[in-house]
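Q: Given the coordinates of chain A, assemble chains B, C and D onto it according to the supplied hints.
Chains as they are written, first to last, in our numbering: chain A, 6 to 388; chain B, 2 to 325; chain C, 11 to 179; chain D, 181 to 352.
Treat the hints loosely; a few may be bogus.
Said to hold, decoys possible - With a cut-off of at most 16 Å between alpha-carbon atoms, the simulated EDC-like pairs for lysine to aspartate or glutamate come out as follows: (1) K318(D) to E238(D); (2) K319(D) to E110(A); (3) K315(D) to E238(D); (4) K140(C) to D115(B); (5) K200(D) to E110(A).
Just so you know, these hints were derived from the structure itself, not from any lab.
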Amino acid sequence: MSEIQTGDYYTRHFSPGPSDDTLIINMGPQHPSTHGVLRIIVELDGEYILRCEPVLGYVHRMHEHMGETKSYTQYLPNMGRVDYLHALAWNWAWCGAVEKLAGIEVPERAQYIRVLTTELNRISSHLLWWGAYILDLGAFSPILYAFQDREIIMDLLQIPTGSRLTYCYFRFGGVSADLSDAFLAGLKDFVPYLRGRLPMYRDLVTDNVILRKRCEGIGHFSPELCRRYGATGPVARGSGIDYDVRRAEPYSIYDRFDWEVPVLEAGDAMSRYLIRLAEIEQSLKIIEQALATIPSGDFIAKGAPKPKWAPPRGETYFAVEGARGKIGVWLVSDGTKTPYRVKLRAPGYCNLSLFAEAAQGVLLADAVSILGSLDLVIPEIDR
Amino acid sequence: MLQTEIIVPAELVRLVLGIVALAAFVGANAIVLVWLERKVAGHIQRRPGPFEVGPYGLLQTAADAAKLIGKQLTMPAGADAFLFWLAPILAFLPVFVLFMPIPFGENLYSLDMDLGLVLILAYAGFGVLSLCLAGWSSHNKWGLLGAARAVSQSVAYEIPLLLAVLAIAFMTGSFNLQAITEGQGPWPWQWNVAVQPLAFFIYFACALAETNRAPFDLPEAESELTAGFHTEYSGMGFGLFFLAEYANMIVVSSVATVLFLGGWQGPVFSGWWWFLAKVYALILAMMWFRWTYPRVRFDQLLNLNWKWFIPLGLANLLVTVAVV
Amino acid sequence: MQTSALVLFVIHALIIGVGGIMAVASRSLVRALVGLIMTLFGVSGMYLLLNAPFIALMQLLIYVGAVVILIFFAIMLTKAPAGGEEERPNQVRTYLLALMAGVLPTFVIGWVVLTDQPASINAPLETGLKALGQGLMEPYFLAFELISVVLLVAMSAAVILAFKRRQSR
Amino acid sequence: MNIATCPFPAIAITATDYAKCGSTAYCYVEPRNVVRAAKYFFEAGYFIEDVCGLDLEEGFEVVYHFDSFTAPGRVSLRLVVPHDKPVVPSIAGVFPGAEWHERETTDFFGVVFEGNPNPKPLLLPDDMTLHPLVKEQKKRQPAVNVFVVHRLSEGKEPTAAKKKPADEDEEA
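Next comes chain A alone, as it looks inside the complex:
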């Protein structure tokens, strides 16, 4: 071949295999099914993937460095931008880490508010994933049905949080505003409404024979694979690993509610799909119980930190269950107003890292299905 160097750094360092008949192709960063700006360099034999390598960093914003330059309160809005689909879980992860470090008690009502809004946010994240995944498989309509339901959630969450997507609602020691009656009434109506919609989704999409053929047996992840790559969330639970941070590392008041962790053994894309749908139902269950038992009281602790507050020195690790898996925040403080080190463990990052191994030898169309079933949010992966 000619000596002219083509491609960029990553393509040049992606050494092709020994065969002459393969095709090296850039899937992304502008590709319809990489959900944003993920890029995957793929070596294809026909339509079979021989090898692939994800290339990240196209929306990398160095949130961890921002954490070292901003004060604790100033860093709060960053969380909604890490994973914009389940922003409240990240809110919670950051607030929880700081509260754990400084030993701040969260009032009872604030705990309930956090559970209610986070679970609602989880449903909206799963709904969006559901639509987007079916879109990856080539059906256009379900995503708009999902958006219709998600719209109600966003309208609801707008009432207490004031924003629709990148929420910044939690504060150290509570939340920024109390839940209004309009929100509580709306939520009360929403639970049976969504329950009524779910059977329709099942009839329309889940039982569709083409969808089943595209998901069943595709992208099999063994529990061992999940463990080696540290996959968590629906990806791990779809592979038979009974692991949910809300149960395994209990935080807040999740132990008061009666709910289950859905686990399926199959480990294929279909089981991940079903897990997420089942999680919507479980979240509804939690919301229903929390709505029934929400106490009155303060929505933020009396001695909640002021903006220029500095926590004691020390370090802590706090994890919450996000829609995509285990969100972890490792926080090191040197006792000043800015954190010494913030490490954000993004679940999507770990889940995606197993893709290169899982996609070996599958068809390109199946790779799209696997990629979709991982539920990627690229800003969260790149941070």
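A: Same frame as chain A, but now just chains B, C and D:
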């Protein structure tokens, strides 16, 4: 000076008039269909669809056409210019030939040909050719993959399509579309679909595959291949592929109407309106499928063809021959 | 009608000729293929001139719709080795041989036509489909079956090749 | 876990208050023993949570968080490498998931993970030479200033217990 007597045969006049009329028909229909597709998609997806431009958004397509025409035509570096621009033209031109033998009414056809059906089948092959050329010449790997898919898909699906069509031809004993129409009665139970439901099913499935409509839209498969064979086309280059897709939809629906649904005959007031109604019903069904089903995978598509459609088509043909 | 027939003949001959030259002379395989299609298209027009529409349409259906597409497929799936035979300029000897390969058959056919002129009909008659089918199944049955044997052999060979490739994967 | 029963050569093991700092134990090892430690955690059924860096006055601290799906209780495996020669053996051969975390740490801190199967920049551009999380000299803190180790029962500061160097020559 040589005196030549110019004889213009009536058949030629009919042909020229027919082609002009067909060009208008195809153009008008494509515009209506694009609008219809968006409206159908909109209503399936619980949104209004286009409704800003003109009444009910009727002028939306015109606005889009103006936009497409106004856009710069770009070509990637390293592409084969001749083939690159030949492909969209080749996609659209044969469409006129395909329409010629179709009888829209008792006397409404532009070419009365004994081999009308064969003519349509023969020229339908050019569509695939244009897809291949487009994918290959655009110097794009996604385009190449799309072209490879287009080839194997259409080669595979042409066989059961032919088998289904042959069953009807055997029954009628003619390739003349007018004769096939007249071989059926005006009432639905006299149509070929009542006698040959399997052939109709196979034909319609294959027609979806041949026109690259969902769930068989693998050559473009935008979630896998970005846009497949027409990834690199801009402006009217893309527009011609788009028009050809809709024109092909009308063609396959028209042929299905003639072969299986009694053509222009209806229980009352037989005429071209019946023909159009049937064609549009089929097209609506195609749109309905597209906006409902996920896309099948490539090997599933081929397996479906080789393991089900071809054996079924052959069996159907054998039974038909035995009965006839 | 004679003049118009002649004009049409010339047009088709030109299409065939240009297509042939394109098929032989172009560097790119796909362009050569387009030339081949042009030739086949012209030939099909010739059949139409001979009042044999069925053969003309079959020519398009089988050659353009299937054979050429398959060749296309083969071209897309194989990569010409860089610096292979096709890339070097041809030698004079090759051109001479090519010219001979083209001219010799013309001479033979021309000679046969000139010495033993077949009885020609001014306006060719259209043979009905039925007659065509009967002709294939009755007097020319053996030839017809032999062709199908050839196709069968080709098909089995293709299957065997495909299986070998699949096993090596 | 206990320093005496620890199956891999560790420098110090501190049992910590899980409720306060989110880990059950901090386990300090020499950089060259990290692969053996990772192997132990792999065989014990842990999964890798993340690999983080931390810039301290003593050097770069690399922290591996391991957690278990079945019996929760995070263990953080730690090691310190000097600023001028930040080289750590890669554990990607044991936990393939560590590959990305290690590459990320290389991007942010310039810590080199020897033996990483794909040592390219992951999150930062390939031509970037700056390591954004490396602190200026005057902003670096010594470890004592940031670590308050919450021991389980006694409130004493941890004492670094040296392990016998008998089996330290085994490299993975």
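Q: Are there hints from earlier that the structure breaks, and if so, what are their numbers?
A: The structure conflicts with hint 2 only, although it agrees with all the remaining ones.
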